[in-house]
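Student: Sequence:
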Amino acid sequence: IIANPNCSTIQAVVALWPLHKEAGLRYVNISTYQSVAGTGMKAVQTLRDQSEAALRGESAPDDGVYPHQIAFNLLPHIGAFDDEGISEEEWKMVNESRKIMHLPGLKVSGITVRVPIFRCHGESITAQFEKELSPCRAREVLRSAPGVAVEDDPQKALYPMPVNGAGKDAVYVGRIRRDTGLDNAVSMWVVSDNLRKGAALNAVQIAELL
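Following our numbering, the numbering of the sequence shown begins with 1 at its first residue and continues without gaps.
Everything labelled a hint here was simulated from the structure, so no lab data went into it. Quick caveat, the model's predicted, so the values are computed rather than measured. You may find that some hints are simply not true.
[To be verified] Calculated pairs, PhoX-like style, for lysine-lysine (alpha carbon to alpha carbon, straight line, at most 25 Å): (1) K21 to K99; (2) K131 to K21; (3) K168 to K156; (4) K168 to K42; (5) K21 to K107; (6) K131 to K99; (7) K107 to K131; (8) K92 to K107; (9) K92 to K21; (10) K92 to K42.
[To be verified] FRET-style restraints, in silico, Cβ to Cβ: (11) M161 to D83: 33 to 39 Å; (12) L74 to K131: 31 to 37 Å; (13) E132 to G79: 33 to 39 Å.
All residues carry an ideal CB built from backbone N, CA and C; glycine is no exception.
Produce the complete structure using the sequences and hints provided.
Tutor: This is the structure we're talking about:
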């Protein structure tokens, strides 16, 4: 049996794995901005209904999908919290990243946030490496990595966005830069369609490997 990982973990690992092979991962911090499609079709309808109500100046309908209004809001709450205040989704990110990359000692931290968009997850990732890895070299590595599309020219306002990633199979990476707080670290912005790469396409690619 081969498990299909969590959609937010998939896109992070697709971007991180080629960089790990290049310079050796030591630590990863991931902040996710996850669309309502990750919760299901009822959540998509909830966002639509609440957005329409808010624009009409009405109270947002509460159908119990989320603990608070999702329209025009951000919820740092995906899954149940443990006694330390770490959510189920955050633990999935930690444990699945270690398992997929065969790095049981990898240090992983982060926060997972539900955002009011219909599909595509965005992730702010900072990765620290054993060896020096320049942003320029990171771009080169990612451009040659399977399943990755680099969109990285911020001076021309070119970077990954959910509106461009929806319906596409690639994991889009941009805003690749030197981290200002850690040695040998690179920060980047990663976007992928959680309904395609995060679910359907990943299942197909796993089947192709069997």
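Student: Straight-line Cα separation of K107 and K131 no greater than 25 Å?
Tutor: Holds. K107 to K131 sits at ~16 Å (cutoff 25 Å).
Student: Honestly, do E132 and G79 meet the 33 to 39 Å range at C-beta?
Tutor: holds (36 Å)
Student: Within 25 Å, alpha carbon to alpha carbon, are K92 and K21?
Tutor: OK: K92 and K21 at ~22 Å, within 25 Å.
Student: Measure nothing beyond the straight line between the CA atoms of K131 and K21; if it is 25 Å or shorter, mark the hint as holding.
Tutor: Given pair K131, K21 holds - Cα atoms ~11 Å apart, limit 25 Å.
Student: For the range 33 to 39 Å, tell me whether the beta carbons of M161 and D83 fit it or not.
Tutor: 37 Å Cβ-Cβ, so the 33 to 39 Å window holds.
Student: Are the Cα atoms of K168 and K42 separated by 25 Å or less?
Tutor: holds (23 Å)
Student: Hey, K21 versus K107, does the alpha-carbon distance stay inside 25 Å?
Tutor: Holds, because 16 Å separates the two Cα atoms, which is no more than 25 Å.
Student: Holds or violated: are the alpha carbons of K168 and K156 at most 25 Å from each other?
Tutor: Distance ~22 Å between K168 and K156 Cα, so the pair holds.
Student: Within 25 Å, alpha carbon to alpha carbon, are K131 and K99?
Tutor: Holds, at about 22 Å.
Student: Given the hinted pair K92 and K42, is their Cα-Cα distance within 25 Å?
Tutor: Holds: K92 and K42 sit about 23 Å apart, inside 25 Å.
Student: Are the Cα atoms of K21 and K99 separated by 25 Å or less?
Tutor: This hinted pair holds, its Cα atoms lying about 16 Å apart.
Student: Mind checking the hinted window 31 to 37 Å against the Cβ distance between L74 and K131?
Tutor: Since L74 and K131 have Cβ atoms about 36 Å apart, the given range 31 to 37 Å holds.
Hint check: no violations occur; every hint is consistent with the structure.
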